[in-house]
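Engineer: Single-letter residue listing:
There are 2 protein chains.
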Amino acid sequence: MAAEIIRGTELRETILDEVAEGVKTLKEKTGRPPGLVTILVGENPASLSYVSLKIKTAHRVGFKEVQENIAEDVSEADLLALIEQYNRDDTIDGILVQLPLPKHIDESRVIDAIDPAKDVDAFHPVNVGRLMLEGSSAPFIPCTPAGIQEMLVRAGVPVAGAEVVVVGRSNIVGKPIANLLLQKGRAANATVTVVHTGTKDLASHCRRADVLIVAAGVPNLVHPEWIKPGACVIDVGVNRVGERVSEKTGKTVAVLRGDVDYDAALGVAGWITPVPGGVGPMTIAMLMKNTLKAMELRTL
Amino acid sequence: MAAEIIRGTELRETILDEVAEGVKTLKEKTGRPPGLVTILVGENPASLSYVSLKIKTAHRVGFKEVQENIAEDVSEADLLALIEQYNRDDTIDGILVQLPLPKHIDESRVIDAIDPAKDVDAFHPVNVGRLMLEGSSAPFIPCTPAGIQEMLVRAGVPVAGAEVVVVGRSNIVGKPIANLLLQKGRAANATVTVVHTGTKDLASHCRRADVLIVAAGVPNLVHPEWIKPGACVIDVGVNRVGERVSEKTGKTVAVLRGDVDYDAALGVAGWITPVPGGVGPMTIAMLMKNTLKAMELRTL
Numbered sequence: 001m002a003a004e005i006i007r008g009t010e011l012r013e014t015i016l017d018e019v020a021e022g023v024k025t026l027k028e029k030t031g032r033p034p035g036l037v038t039i040l041v042g043e044n045p046a047s048l049s050y051v052s053l054k055i056k057t058a059h060r061v062g063f064k065e066v067q068e069n070i071a072e073d074v075s076e077a078d079l080l081a082l083i084e085q086y087n088r089d090d091t092i093d094g095i096l097v098q099l100p101l102p103k104h105i106d107e108s109r110v111i112d113a114i115d116p117a118k119d120v121d122a123f124h125p126v127n128v129g130r131l132m133l134e135g136s137s138a139p140f141i142p143c144t145p146a147g148i149q150e151m152l153v154r155a156g157v158p159v160a161g162a163e164v165v166v167v168g169r170s171n172i173v174g175k176p177i178a179n180l181l182l183q184k185g186r187a188a189n190a191t192v193t194v195v196h197t198g199t200k201d202l203a204s205h206c207r208r209a210d211v212l213i214v215a216a217g218v219p220n221l222v223h224p225e226w227i228k229p230g231a232c233v234i235d236v237g238v239n240r241v242g243e244r245v246s247e248k249t250g251k252t253v254a255v256l257r258g259d260v261d262y263d264a265a266l267g268v269a270g271w272i273t274p275v276p277g278g279v280g281p282m283t284i285a286m287l288m289k290n291t292l293k294a295m296e297l298r299t300l
Numbered sequence: 001m002a003a004e005i006i007r008g009t010e011l012r013e014t015i016l017d018e019v020a021e022g023v024k025t026l027k028e029k030t031g032r033p034p035g036l037v038t039i040l041v042g043e044n045p046a047s048l049s050y051v052s053l054k055i056k057t058a059h060r061v062g063f064k065e066v067q068e069n070i071a072e073d074v075s076e077a078d079l080l081a082l083i084e085q086y087n088r089d090d091t092i093d094g095i096l097v098q099l100p101l102p103k104h105i106d107e108s109r110v111i112d113a114i115d116p117a118k119d120v121d122a123f124h125p126v127n128v129g130r131l132m133l134e135g136s137s138a139p140f141i142p143c144t145p146a147g148i149q150e151m152l153v154r155a156g157v158p159v160a161g162a163e164v165v166v167v168g169r170s171n172i173v174g175k176p177i178a179n180l181l182l183q184k185g186r187a188a189n190a191t192v193t194v195v196h197t198g199t200k201d202l203a204s205h206c207r208r209a210d211v212l213i214v215a216a217g218v219p220n221l222v223h224p225e226w227i228k229p230g231a232c233v234i235d236v237g238v239n240r241v242g243e244r245v246s247e248k249t250g251k252t253v254a255v256l257r258g259d260v261d262y263d264a265a266l267g268v269a270g271w272i273t274p275v276p277g278g279v280g281p282m283t284i285a286m287l288m289k290n291t292l293k294a295m296e297l298r299t300l
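Protein sequences, first through last, are from chains X and B.
So the first sequence is numbered by the UniProt record's numbering: it starts at 1 and just counts up by one.
So the second sequence is numbered by the UniProt record's numbering: it starts at 1 and just counts up by one.
Treat the hints with care, since some could be wrong.
Where chains are identical, the list cannot tell them apart; a pair therefore holds if satisfied intra-copy or between any two copies.
Below, a list of computed lysine to aspartate or glutamate pairs in the EDC-like style, where the Cα atoms sit at most 20 angstroms apart [what the hints assert, rightly or not]: (1) Lys-56 <-> Glu-13; (2) Lys-228 <-> Glu-4; (3) Lys-184 <-> Asp-201; (4) Lys-228 <-> Asp-201; (5) Lys-293 <-> Glu-43; (6) Lys-24 <-> Glu-68; (7) Lys-24 <-> Glu-296.
Think of the hints as simulated: they come from the structure by calculation, not from any bench.
Can you build the whole structure from these sequences, using the hints too?
Structural biologist: So, in structure tokens, the structure goes:
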């Protein structure tokens, strides 16, 4: 039997509709919508396209959206001052600084400067710490792990008591999703193993997994024989493996592949997320959800 | 062959001598020793005995030690004001609030009030977050996980690439030691699994472990057949299982047992820590090390 495909593009629509509803309710109560500022330094094409999508989505759910597009050569002090301005602005609930930043700016200093109550990416050490201490009771869960958990919930994947194996230990995906799923809570309370480049036998760990979360950044790393029959496979990888001409627009676009050999895995897994159209769309939906929550926590 | 016993009581002496050396050097450079304030609310006997030991040890390594013993019925506001006073006191490098606090006081509000640069217990969310983000490069590692890692280093237990299984997911031991050992660094870069009350087959996970760290708080939870021959077994449990009369003092004292069936495990494990005299003494030694480091970070 072929795996059930968990389509992030569809779940995203449901979640964004829910957020738009929440925005309406909040606006009726408080007289204003949630405010999100996106701060983009320089003109990195990938960053530009991410930020555009975030702005578009913010508009769709009814947020007030403020764009700060700053020159590549902005000083760190000026960037910190801008953040401080939005920390103090009561109409702004979420502050998003698009990473990476130019090399002359210390990223962690910038993240530390964001008011944790407006840190909708959940990258501030205070929010990272609260995630480890409180699991899903933390005020903000970083968007990609939150999106993965939401997919597990909405697809009805059993997580409590399951064997979860996380491939990769990044600060953005591997470490937070492991910390989230090993704690008590909805779609959590799992036995979690984190494997990585220092792991001796990757394949045997993957084969144990009821839920396999792969965030390694290596195209086709996970072969079908690494997957336990019926397991849920969440593919977080987004690897550019080539280019093609889009039929729709005639433009050259990147060909994306995940970390899992998708076509082969389809015949083994019980659930699987595609790339593109899987975890990616969830991340932006969860950013909107975090921003709505930030306003709720700040005002209600 | 019987397991090598990793004696925390002996390692503690070595570490305290190193700290005392560091204190001398720092005093020559700055004209003052590190300052540690211990704040004890009420008269819980266990807390009293922990704090006395911390004070005694602080004196031994040459710290300035300030004792704040406050009445059980202190208001939260007054306790917060006291912490703020020591946050501002330049002769104090470490602030230790002995937990648990009386029920009318919100523990997390108290911990949040400590200046993270003086948080030598490493319980502040900022320090918890930095541990998850930076591993052993974080400014402070909480004392028990730091003590465990130090034991692994000094006993020469291979950790890089090893299978580590952590039993228990407390905020004080299980979660931080897992986060520490899964990252790159000295005595780290291990494949880490966290198992807990929600885990289906505890025994089979334990049997996979090259390094088994048990912090469950259940006496004799780990049977010898759960231990891989030659594995390193770190027993963090401190369970009061009865009372006896001390030969030395004639007083009634608690009989302590770990989470591991120690006598039986001795014949299977490659290394093992006893209870008492294993991880416990390391915790206090690491508190002294953190306080020294706090002064170094604040002044050098």
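Engineer: Now tell me, hint by hint, if it's right for this structure.
Structural biologist: Results for each hint:
1. Lys-56 <-> Glu-13: within (13 angstroms within a copy, 62 angstroms between copies)
2. Lys-228 <-> Glu-4: within (15 angstroms within a copy, 38 angstroms between copies)
3. Lys-184 <-> Asp-201: between (28 angstroms within a copy, 17 angstroms between copies)
4. Lys-228 <-> Asp-201: Classified as both; 15 angstroms inside a copy, 17 angstroms across copies.
5. Lys-293 <-> Glu-43: Close neither inside one copy (30 angstroms) nor across copies (41 angstroms); limit 20 angstroms.
6. Lys-24 <-> Glu-68: Neither, since 25 angstroms and 52 angstroms both go past 20 angstroms.
7. Lys-24 <-> Glu-296: Classified as within: same-chain Cα gap 12 angstroms, cross-chain 52 angstroms, threshold 20 angstroms.
The structure is inconsistent with the numbered hints 5 and 6, although it conforms to all the rest.
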